[in-house]
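**Student:** Top line first, the protein sequences correspond to chains A, B, C and D.
What the first sequence shows, in the working numbering, is residues 278 to 603, in sequence order.
What the second sequence shows, in the working numbering, is residues 2 to 512, in sequence order.
What the third sequence shows, in the working numbering, is residues 20 to 338, in sequence order.
What the fourth sequence shows, in the working numbering, is residues 665 to 1015, in sequence order.
Bear in mind the hints are in silico, worked out from the structure with no lab data behind them.
Restraint ranges, calculated between C-beta atoms of paired labels, are given here:
1) D/V866 with A/N348: 30 to 36 Å
2) D/N851 with A/S282: 36 to 42 Å
3) C/F319 with B/D387: 52 to 58 Å
4) D/R1005 with B/K329: 44 to 50 Å
5) C/I271 with B/M364: 50 to 56 Å
6) B/S312 with D/G940: 52 to 58 Å
7) A/D570 with D/N701: 51 to 57 Å
8) A/D570 with D/G940: 44 to 50 Å
The calculated DSSO-like cross-link candidates involving lysine-lysine, where the alpha carbons are at most 27 Å apart (straight line), are:
9) A/K321 with D/K711
10) B/K344 with D/K901
11) D/K800 with B/K329
12) B/K309 with D/K800
13) C/K27 with A/K410
14) D/K676 with C/K331
15) D/K825 with C/K298
16) A/K571 with A/K583
17) B/K329 with B/K259
18) C/K193 with B/K117
19) B/K248 with B/K444
20) A/K413 with A/K590
21) B/K266 with D/K802
22) B/K314 with D/K901
23) D/K901 with B/K423
24) B/K259 with B/K480
25) D/K901 with B/K266
26) C/K152 with A/K413
27) C/K331 with C/K193
28) C/K331 with D/K802
29) A/K544 with A/K313
30) D/K901 with B/K352
31) D/K800 with B/K266
32) C/K267 with B/K138
33) B/K254 with B/K444
On the chain D side, residues computed to face chain B include the following (Cβ under 8 Å):
34) R878
35) T879
36) S887
37) N891
Note that beta-carbon positions come from the ideal geometry of N, C-alpha and C, so glycine has one too.
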Amino acid sequence: AEKYSEDVSFRVGFVTDTGGIDDKSFNQGTWEGVQKYAEENKWKEGRQYKYIQSNEEADYIPNLSAFGDDNYNIVIAAGFLFGDSMTEVAPQYPDTNFTIIDMVVAQPNVASVVFAEEQGSFLVGVAAARATKTKKVGFIGGVDFDLIRKFHAGFAAGVHSVDPTIEVIDQYAGDFGNPGLGQQIASTMYDQGVDVIYHAAGGTGNGAINEAKGRRENGEDVWVIGVDKDQYEDGKMADGKSAVLTSMMKRVDVAAYNMIQAAKDGKFPGGEIIALTLADDGVGIPEENPNLDKAVVKEIEDYKKKIVAGEIKVPATMDELADFIK
Amino acid sequence: MEYIIEMLNIRKEFPGIVANDNITLQVKPGEIHALLGENGAGKSTLMSVLFGLYQPEAGEIKVRGENVNITDPNIANGLGIGMVHQHFKLVHNFTVTENIILGQEPTENGRINTQKAAKEIKELSKKYGLDVDPSAKIEDITVGMQQRVEILKMLYRNAEILIFDEPTAVLTPQEISELMDIMRRLVKEGKSIILITHKLKEIKAVADRCTIIRRGKYIDTVDVEDASEEVLASLMVGREVSFVVEKEDANPKESVLKITGLVVKDSRDLNAVNGLCLEVRAGEILGIAGVDGNGQSELIEALTGLRKIESGKIELLGHDVTNTNVRKRTEIGLGHIPQDRHKHGLVLDFKLAENLVLQTYYMQPYSKNGILNAEEIKKKAQELIDEFDVRSGQGIETTTRAMSGGNQQKAIVAREIDRSPKLLIAGQPTRGLDVGAIEFIHKKLIEERDKGKAVLLVSLELDEIMNVSDRIAVIYEGKIVGVVEAQKATEQQLGLMMAGSTTDKEEGDRK
Amino acid sequence: MDFIQFIKIIMPLTLASAAPIISTSLGGLFSERSGVVNIGLEGLMMIGAFTSATVTVLVEPSLGVLSPWVGIIAGIIAGGLFSLIHAYVSINLRADQVISGTAINLLAGGLTIYLCQIIFNQQRTRTFLYGIKKQEIPFLSDIPLIGDAFFSKVHITSFIVILLAIIVWYVVFKTPFGLRLRAVGEHPGAADSMGINVYRMRYIGVILSGLFAGLGGSIMVLSQDIQYTHMSIHGTGFIALAALIFGKWHPIGVLGAGLFFGFSQALGVIAFQVPFLSKLPYEFFWAFPYVLTIIALVVFSGKSAGPRAIGKPYDKGER
Amino acid sequence: MIDFLRNEKNHKFVVPLLSVLFGFLAGAIIMIITGINPLEGYRALVKGVVGNPRKFGEWFVASSPLIFTGLSVAFGFRTGLFNIGAEGQLIVGSFAAVVVGIFVDVPAYIHLPLVLMSAAVAGALWGFVPGFLKAKYKVHEVVVTIMMNYSALHLINYAIKALPGSTKTRSVDILPSASLSSEFLSNITNHSRLHWGFLIAVLGAIVFWFIIERTTFGYELRSVGFNPTASEYAGMKVNRNIILSMMISGAFAGLAGAMISVGTFDYARVIASAEGYGFDGIAVALLGNNSGFAIIISGMLFGALKAGSSAMALASVPKEIGHIIMAFIVLFAAMNYGIKRFLARLGKEEK
Ligand SMILES: Nc1ncnc2c1ncn2[C@@H]1O[C@H](COP(=O)(O)OP(=O)(O)OP(=O)(O)O)[C@@H](O)[C@H]1O
Ligand SMILES: Nc1ncnc2c1ncn2[C@@H]1O[C@H](COP(=O)(O)OP(=O)(O)OP(=O)(O)O)[C@@H](O)[C@H]1O
Ligand SMILES: [Mg+2]
Ligand SMILES: [Mg+2]
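Only chain A is shown next, with the shape it has when bound in the complex (with noise of 0.2 Å):
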């Protein structure tokens, strides 16, 4: 009567980083992935699969190497921090399949999976300079970390794509879970004309996303584009509608799902890295955009097109964007 399989010959595990398993962010979205591929095969958490939180970077190796220990077949762990960790923990368990998100880790038993940021982040520059009607958008980072400035410089040259003359102003937080900064820095840039901010900060931009909220709610025609996930529910106002734009979508759950698979068939790309762009859907926006004009849904159609075919080379670092908007 067990609706659960009862098979634990393949067994999964994941290791967050300190954000947490929910953090609307990588750690969530990976999360996601396992789950639908649990689902799909019957699985149950704690049998077949299972999720480590790291309360802080000592716990990485710790975490990784439980999963190690268990002989699990393979050990997933959201983002670029784990390099280090992944690096010293893989050659220690060569039977063991790890997958790390967001960084490149060189052993023949890892398979890295990196995102094409700055191409989704393109897009959503797009959508911005649509929607704004004062000529200033805003971006604001979590930490400055490179990881970041690809959301950063792609933001900005979708942006500049669709008009030079658009000013985007940026900040960094310095801290993925402030969201009273967050909602200081939004602030401040709406207060300076600013009605379009795309964040990439965590829980930091939980206040941005506040700030948009209060300020369309006082009727204020100001726009927040989310990240990694779809955000649209977390911008919701009271009268159903919400304050999120759009939002810039990393497909971790994609890169779990797939990765999970790939090892379960016997074909796991150890030592390879996997990049996951535009063309498999691995960044992307939603597909309902309920804030957004067809028009624009078909400009932005239109420039993934591009991109995908290799007519905008997107710039990735702040260097590269310097000289795209040359």
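Given chain A, put chains B, C and D with the ligands in place with the hints provided.
**Tutor:** Leaving out everything else, chains B, C and D with the ligands in the frame of chain A:
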């Protein structure tokens, strides 16, 4: 109604001790009833029971003939009982008014009506001659005035029965006589008073009857008129007590301390010591008499290095120590029994042994190369508590906080005298102690003198000064107004000088 | 950015981030004035924030716009209830108040997330639709400059909190309750001998700290966030503690200190927008409020001793 | 048994032990309420800590910094200061260790001591500021240390990134000669990160005990902590002692930083927010009664809860339970008066 208060067969235990063992106390309306006993005899405990701070294990209490059950101070207040505690219970940063009305604040629309309160207090203070400034902060007023605030607190609550727990221990002679007057006036107004004091003279002066307790047990109740001081004292301690301090004549030698033109500021930045000159010689006890607040504390602190000196010069055994630190002075040969034993004298959270080496811990043999030698420290401590009869629960291992005030004081005296400093500055060394302990400490001071050391005794207690000193310097407004031979000095003469009169200066002896 | 614009931008931000600090700090004031150290303010804020977010989410479907207010009330009550642990342990059991407060912080951090998992099956609450919105204060917002700076785009809660500070000042310094509370914190023995129930006053002090910290946490989450997470409070309780000491345990001082913290934090945010300052490393701005506080503490130093009996359990028998 | 419990002499260790017991009991109750079998949970915890040599090694790895922050906080408490700033001192200490670890190239027997020393010195300097401000301007150390924590976080993040070779998240690796890690220890514990830091922590506890209990310096520090005026009377330099005591407290926290940066990681990390070692240190110090050796034990206990919580999570017990248990232990430790009273009453009623 024969008695306004009756405490019958009261028993109160604390862990390990019976503080009150079947004690009976009966107070007649309109009388001043003294309660006498050694340190730790159980007086404060008995009064705390009456005031509702402690619940007795046995016995009954009657107020105005009615059996009562006083479970907390509110009930005591309701019965018209008020208490001035041994350690004042005043909030230091509240005003006089706030302290008095606390708990029974007059209000107007929920807000404290300070004006109304101040007016009431003014009236009360006029009626009983209790001079206070209602808007002054407690921390800014003298101890004497603080006590008047305590009394006003009771009167404000319409107390009929007033308990004074050692009210005079902290007062100057002037303040004491004022207090006596106040008490007489209170009784005249129909109040009844229970007075705890160690000073037999005071009992003789104001009390009508006196109940004596010893080691928690009731001894007797006597009419004061019929009992001499000697009788009272022997009832209290259970043996004969000598009041005269026996000592040979002094044999003064070289100068040990020489102060010239000393100026010291107090915490309010006023000159508390103002051009003071004084000399103390080896082999003598120089007493400094004076009304509290005339610069005694500042003088001691300046001499010992605890307070900055504005100008003037201090020479100690020929060294100019005007600007040297405490440690240096100690090492030259200064000993100091501080006035405030809790503030300066002891680290209450240290074990007794640790406190006994507070001045010497860094020296051999108690430590070497910065490492403490526990064995030596313990040895010394044991030696000291044996010699000075310092009593406490766990000997040298006792946390000092848990010791009685008298024993804490003895520990300090032991520590300072044991070093046998060339100059011993003793600030009120017997404050609050019973006669037995006082006798002991006086003997010790005189022994030091006889060993050829100099002793500077600062006390508010004129008797002590006159009995123990060889010469007496009177301090007034930060200056020495005269120095007299103790044997020739009379109380009136000193009293006048303490009030600032310099007419008797010619008798002064300034070699 | 010219000066006028600068003021217009920074003032609302200051008010917004100061409000939770002030509210919580006022709570700490009650507790510490009664003689009980409360380093558990952070935890009490978490409890308040968690509860108000949860309740808001749960009642939204039926109560609509009223829900955040219901949430706040729930947060206040929850803070008060949770503070009972601190009260019982430190007043009745005479625990070291610092330990007890540390335990409150640890417990609140663990428990709120634990409960999130039970209630929402995730490590955070669901997002609420109705938070505390910024709004224009009628009439006042029409005053030139001042209206823009202080009365438009502000949370009404910021003004409630400022009003509270004044009320607290009145209560603490003008009413019998306040006199008794302070007496208990300065010299419990004296208060006791005047028939004031020391334990009861301290209980009230600690519970008030819970209520106010609960309010602070509620305001914080409902006005700044979209849900409660383990990061929602991120150290604000400790800043409130600092504000209490910086404000010298005085309600108006606390108000000033809270506004100061809010201001310097906002300044750190805005400095980015100032052209020549934006060249400096970010870290400089993030450290800025804290360094500024230290400097201010030195400049305004002086005796800032807290209530005398603070931290000491009251024992009737002791003298 | 009851007599043993009632005897006040035994309370010194019976009471903390009971606190721990009650803490786990409370954790069990919460697990039961939420439908988790506590036996399973605790079995997972135990397995997670001593289940295999690697876990055992990781337990020690998790404990060493906690012991040091515990010592840091305790040193403050013993000398009358509340050092809530161990976190910041730890951050600067960990950075200093890495800087010396990267840029000074000397043999290991000089390098390692030098690295540790610089961590201690950096922590001490960070402690100097609140100490100095308290001594000189009477500024409350609690506020200053809180502010110093945040300042350290941001400024050190900047400094790490400014080091040559650093990325936005970390510095380059330290030279092997500067590392506490040990091939040998790692091998015997099945590739755990076990490093020599644990021994250093024990050494730290001994130094702590020795300074506090056995030296005239410690005597002075305690005296000043308890009663500054009496210390002044006794000729001690009160202000100097306040500063020194804060500095030593900071030095311990700085060493905690070294445990992490040159023990656990071998490089410096940019961190977004404080990792909580300082606050855990308060708990460790309090449970350890502020005494050197007991702090080793309480540090190990909290280290176990930390190290074992992954294993508990694997057994499907929410990780927060570790925190909740920790909180309850601290809470019960705080109730020692109540527990003592309870012990004293034990048996009495039976008579
Ligand atoms: N709170 C307490 N806990 C334990 N024992 C106490 C306590 N209070 C008093 N005692 C004990 O009761 C005895 C009587 O103390 P009490 O204070 O009544 O003495 P006293 O007569 O007032 O002494 P003194 O003249 O020094 O003021 C003391 O010796 C002490 O051992
Ligand atoms: N908390 C306490 N625990 C145990 N014993 C106590 C406590 N408080 C006071 N005592 C005891 O009560 C007695 C009286 O204490 P008290 O402070 O009244 O000292 P004292 O002898 O009256 O000294 P003095 O009058 O010189 O200040 C002492 O013997 C002391 O040991
Ligand atoms: Mg006494
Ligand atoms: Mg007494």
